[in-house]
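Enquirer: Protein sequence lines correspond, in order, to chains V and S. Just so you know, the first sequence maps onto residues 1 to 529 in our numbering. Just so you know, the second sequence maps onto residues 530 to 980 in our numbering.
Read the hints as simulated data drawn from the structure, not as lab findings. Note that CB positions come from ideal geometry on N, CA and C, so glycine has one too. Mixed in with the good hints, there may be bad ones.
To be verified - If the Cβ cut is set under 10 Å, some of the chain V residues that face chain S in the computed set are:
(1) Asp92
(2) Ser94
(3) Trp275
(4) Gln431
(5) Ser440
(6) Gln510
(7) Asn521
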Amino acid sequence: MKSMAAELNTQIIRLLALLLLTVSVHAASLFDSSGSLTPANNKIDTLVLARLQALKLTPANLCSDGVFVRRVYLDVIGTLPTASEAQQFILDQSSGKRAALIERLLSRDEFADYWAMKWGDLLRIKAEFPINLWPNAAQAYHRWIHDAIRSNCPLDKLARDLITASGSNFQNPPVNFCRAMQSKTPAGIAQTVALTFLGERAENWASNDLANLAVFFANVGYKATDEWKEEIVFFNLASTNPGALNGSPRKAVFPDGLRVTISPDRDPRAVFADWLVKNPQFARNFANRAWSWLFGLGIVQEVDDFRPDNPPSNPELLAYLAGELAGSGYDMKQLFRLILNSKTYQLSSVLPGKNPAAAMNFAVYPLRRLDAEVLIDAIDQIAGTNEKYSSAIPEPYTFIPDNLRSIALPDGSITSSFLDMFGRPSRSTGQESERNNRISAGQKLNLLNSGEMQRKVMNSRMVEFQTTGNRQIPDIISGVYLGLLSRFPTAEEQETLQAYFKKFGPSRRQPTVDLVWALINSMEFIYRH
Amino acid sequence: MSAFYFDIEKQRPRISRREAIRRAMLTASGLMLANHLSFRTFAAAPAARAKAVIQIWMWGGPTHLDIFDPKPEAGYDYCGPLKSPIETNVSGIRIGELLPLLAKQADKYSIIRSMTHGNNGHETASYLVQTGRQPGGRTVFPCVGAVVSLAKGYDAGYKGLIPPYVVLTEPQGRFDEAGFLGSRFRPFATGGNPVQTPFAVEGVVAPGITEQRQKDRRELLHHLDTLAHALPENPQVTANTQAENMAYDMILGDGAKVFDLSQEKPELRDRYGRTKFGQSCLVARRLVERGIPYITINYSGWDNHKEIFPAMRRQLPEMDKGLSTLLQDLGERGLLGSTIVWWGGEFGRTPKVMWEAPWNGGRGHYGKVFSAMLAGGGFKGGQVIGSSDAKGEEVKDRPVYPVDLIGSIYAQMGIDPATKLPNPEGLPMSVMPVAADGIKSGGLLKEIMSA
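Turn these sequences into a full structure, and let the hints guide you.
Expert: Here you go:
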């Protein structure tokens, strides 16, 4: 795959001399295009605009093609576009090219890798402390969710499988849902279910509400087998439910207050799942999460803390998205498609001033630092390197294939100081706020000056490629920009850099290294924008 | 509404740039952007004897029988070839035969031979030993270093440029040291190798890049940061610029000097041993001199399931050299009285040697009884606390649970055990567990604490 990319790069560079004559980018049009939020592209835009008008807020312009291609790759597949992908998109003159790109990305293999990572955070897929799934089970669980995402499994089926599964943690991976928590008590499972599927913190509910929900998980049993670390999750009739043993039906109350009588031979988890997937909060929860995954900000924020005193910033928008999600048969890709094709999603990130209200109401695409895994993958793509991941304990050792990208890591326990420094979630609780994308001086030290980064840049495939042969300086500059920032350089940038290159005389290598280093450390590289 | 978009920093009182640098260097996550935790209550804590802790974390679980709890009478099946423990400079205390230098320093430290928690899993036992808490609840507690950096760090008047909690050289991994306190209280891991010159502390010291080139590159970056120029008022841009300036104050400023071991006499470096562990001990002493309150030396290589005796012959002399020189050097500089040295791992190792293949003379995990060592910071030396039975398999008397050792360290550091630990969910949690938490305890180590 990498050599193919390099080959494509070669072709691009051959074109570059010509292109430079035809493509001239000015700073003014660098991040924005001339379009605006009106006329609306779909109902999302209408609802967002109505809110902005009510608040007398002016939205940003639509983003430029260069910004869009980079944004949509990073947001949909967690992957940096290659130089050729960016360039082909920018030069494509067809009118429906954004919608067409969205479709292509929704069917890429990396789509499942990236979203399995997000789901891995929610489902706490981790071999070791404090979740202790054990490596085999973590791998099986990850593969299961990856397959479900690749086949676009409807969310209601996904939820039902996770909540009701019985069997071996190795053979029937969704049983790991009930294992992936520190407190495997009925109340502990109830809290996890409420957090994951309702976006609510059951520990803040009235105490009898939590106890009522716990009733549905009172018969979850766990037992070991002769196989090392195998565990069976099963419907345990004998567990804390004397009624079930003597054959009398049990009574339970759903979180919305509805009462139900459960026959003694029925696993109460299945009764709960029936209720859950028909409950409007289930759709609201996932509609809000999907929105926040693409905008970095929920309509209800924190996304897993729905409660009466934490209302949505745009209730009509949330209701519309939840309705669309339920109406599509819980088709997550369809919801992504709807959001990605809105003009709201395609707004520029450039809106002068501080604008906290504008950001909160989606009048501008918010800047945010790349996820740890996405950032290191992007750097590795430029460098032509791979991270070496392995896990020395517990025995037997876990080896991760060399060519596995960081977004595809199956197990949150795999040690990596880079990922930890850049805020990979510990997967202890499943709360989305565990992922920390705030910038810090320590992270800056790493990117600006660590030995590892210096080596990656110095020996990078990008530098090697640009300085091999007798490439002209303007071509080198354009090639590096396309590969790193997914756009052509502006005239001013060309000028600055040509002057910088001149200082080094005939040497191309050192100024190219400096250029790659500088762009990796620029906000445009490190932030979604 | 959203911690990552809005500038929480602006709601705080303005602080000087240097102060901001100090604060942000605190952890990998720096900047305190979402810091809702405050720990000023520690200011009123009891008087402290100790100012700093050097934790020598014996990652993997060091064997108690071959180090601080020898059992020659138990025979070959228990002690293998290491059957001749040596007398120390404190009469009645014997330690493993591979530790002749530590044997001459026994008056400086005390040995606990009755540590226990009963867990044999690395992660869980690491958590137990370093937090004193039982795993399994909904919360993950912070370990000692994070609590000390909370109590003795920037919020309590610490002013250093180096973060208050430093790990030499790699973090433990797979165990979130800061727990619910959040990533602001994670340690700063140096990376690099202190044996090499220069000691390339990750991000701070980049060998082969001149100061001039650093400056040229910084200027180039500044010119090319087009998005940042387009959004001068955006809070993310402000945060990014601030973090970058702080990083450069470390790279081009004087933050890096503490790691420059060429300022030490070569003879002293030799005495510590030109090993990663030995030189880490020396760096730890330099950090203590500059007021860093908590330093962990993450010393791996002690998970000796197989062929343990050859491994101990290789590794213990290195440990002996580094640790004994550290104690001596701290003592000579008058720092031992205010610096706790805590040696120990997550558990001990099976007393009975596994001679069969594939272990070929190895030892497994053993949480039922193991050893720890404490020196300095007001702890008396030359004592032994508790004992294991004749074969080192059970606690014989005076069980010491992790919480007892941790609580004793907090007491010497002047950290009030009842102080509340701030947490995002606002739950009532204190530095030390309360009776209702049901944590087993054998009591603080009064035997070696001055009244």
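Enquirer: None of the hints should be skipped; say for each whether it holds.
Expert: Hint-by-hint comparison with the structure:
Because the smallest distance between the Cβ of Asp92(V) and any Cβ of chain S comes to about 23 Å, over 10 Å, the interface hint for this residue is violated. Proximity of Ser94(V) to chain S is violated relative to the hint, the smallest CB-CB distance being about 27 Å (cut-off 10 Å). Against a cut-off of 10 Å between C-beta atoms, the interface hint on Trp275(V) is violated, since the closest Cβ of chain S lies about 25 Å away. Hint status for Gln431(V): holds, given a least beta-carbon distance of 9 Å to chain S, under 10 Å.
At a threshold of 10 Å, the smallest CB-CB gap from Ser440(V) to chain S is about 3 Å, leaving the interface hint in force. Among the interface hints, the one on Gln510(V) holds; its C-beta lies about 9 Å from the nearest C-beta in chain S, closer than the 10 Å criterion. Annotation: interface hint on Asn521(V) holds; nearest CB of chain S at approximately 5 Å, less than 10 Å.
Comparing the model with each numbered hint stated earlier shows that hints 1, 2 and 3 do not hold.
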